[in-house]
Amino acid sequence: MSTSDGDVVVTGLGATTPLGSDVASTWDALLAGRSGVSRITDDWVKDFPAQLVARLATDPAQQIDRVRARRLDRSQQVAVVAAEEAWRDSGAADAGVAHERVAVVFGTGIGGALTLLGQDDVLEEKGPKRVSPFTIPMLMPNGPAAAVGLAVGAKGGVHAPVSACASGAEAIRWGLDLLRFDRADVVLVGGAEACVHPLPMAGFAAMRAMSTRNDEPERASRPFDKARDGFVLGEGAAALVLERGDAARARGARIHARLAGAGGTADGYDLVAPHPEGEGAGRAIAAAVRDAGLTPADIGHVNAHATSTPVGDTAEAAAILSTVGEHTLVTATKSQTGHLLGAAGALESVFTILALRDQLVPATANLDDPDDDAAVQALDIVRREPRRARLDAAVNDSFGFGGHNIALVFTTA
Amino acid sequence: MSEDIQTGLAEILEEVAGVAPADATPEKSFTEDLDVDSLSMVEIATAVEDKFGVAIPDDELANIKTVGDAMSYIQKNKA
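So the protein lines, in turn, are chains A and B.
Numbers in my numbering are just positions in the first sequence, counted from 1, shifted up by 2.
Numbers in my numbering are just positions in the second sequence, counted from 1, shifted up by 8.
These aren't lab readings, by the way, just hints derived from the structure by calculation.
Honestly, I wouldn't trust all of these hints.
Claimed, not checked - Heads up, simulated DSBU-like pairs for lysine-lysine below, C-alpha to C-alpha not over 35 Å straight-line:
| id | chain 1 | residue 1 | chain 2 | residue 2 |
| --- | --- | --- | --- | --- |
| 1 | A | K157 | B | K73 |
| 2 | B | K86 | A | K131 |
| 3 | B | K86 | A | K48 |
Said to hold, decoys possible - One-sided excerpt, in silico: chain A residues whose CB lies under 7 Å from chain B:
| id | residue |
| --- | --- |
| 4 | P135 |
| 5 | F136 |
| 6 | I138 |
Just so you know, even glycine gets a beta-carbon here, dropped at the ideal spot from N, CA and C.
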């Protein structure tokens, strides 16, 4: 059973994204309506149906020490950059928390794909003796979590949920559980992804999951719009520092928001296709709202997973409508960031927290003509410009291939 | 000759492990003084082969404890 009253708060935020190299620049760019999407110009892309990508605003290798960077896969580099920002922001290091009571939960969808594929090229071209001795620690899917754990000296456990595009959100849910069960005093949670490479691009394109609006990069990611045709692959990471509220207040920490509840379900329907009515997604949202001790009427805002795929967005709209209702202000920030896969849930949780802080819901870019789907039509999806509103509680939901559904509820500090 | 080897080795150590060239002196122990771990030693051996044309088998690599040990091995086995 839980050994605390369940009050968990967010005391640190960090991010490096296609919109900016930290939280502040990312949030500013998001509110200004800027897009992180561009067209790939490398030679390899010319036969690819989908040629768009949301690359990081700043190369993470430029943000960390050179020797350290060369031993980390790009997915680990972004994780470390975001985690160190969140850690500094929290002030936890100065608060004298014992390393044995610090835990890390950091997810990724794909892991060290750039290392795996890059070292496979080395193997083919130069032979096994030339494969880097850092290959395995750089490609393993717990690599970002392990790198973050080392960066902050976490000795209370390092965990790495892998649930495709729900991984970042799942990490936050695990962090909440660790604090509720008193297995740590401070938990650094988040998600990281960096897999812009021909093979993942070809694989997603073969699934017909990516937008092919190659001539209009900034207009390609258009969640809930009638003309949406798939997602745009993004890269980056986001991180949050979680603590129990009483301890955070006792040390005078600045509290960004409360992590009030979480819910997780599986569709049990198909390996990749979402349930068309969002049945599992809806159960996750409802469970999270219940876990937070709230009712649907309390949820003023939903940062939707909405990746801009034809099937996914309508399924999610049905789930939001049936569990939260048409009063809530919905936004889909992937319209500007692209889809950061295993980092998406963490980044969108940062956005959800900032929306609560600023009482301001970012707009969904490119939503020119909402889908005719009844649920999409019924929802109040913020578009054209950010909307001011009185917000007390908000939901961030995330879904991953495999039928993973995670919903998180944040409330104002 | 040995100055060339020391300079070349220092370049490798800086690139692979961030060791300042001035610190790469013969008496220094890779693990004790320069904080070079075992995986980095494998990378250093590969870089030595590229730069000097001297392959270092694993059993020989295990005996190389100091910068001076590496310099001697390269000197002795250089074609």
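* Agreement of hint P135 of chain A with chain B interface, Cβ distance less than 7 Å -> 4 Å, holds
* Per the CB criterion, is I138 of chain A less than 7 Å away from chain B? -> 10 Å, violated
* To do: Let me know if the C-beta of F136 of chain A comes in closer than 7 Å to any C-beta of chain B, holds or violated.
  => 6 Å, holds
* To do: Quickly compare the C-alpha distance for K86 of chain B and K131 of chain A to 35 Å and report which way the hint goes.
  => 20 Å, holds
* Does K73 of chain B lie within 35 Å of K157 of chain A when you go C-alpha to C-alpha? -> 31 Å, holds
* Between K86 of chain B and K48 of chain A, does the CA-CA distance stay at or below 35 Å? -> 46 Å, violated
Comparing the model with each numbered hint stated earlier shows that hints 3 and 6 do not hold.
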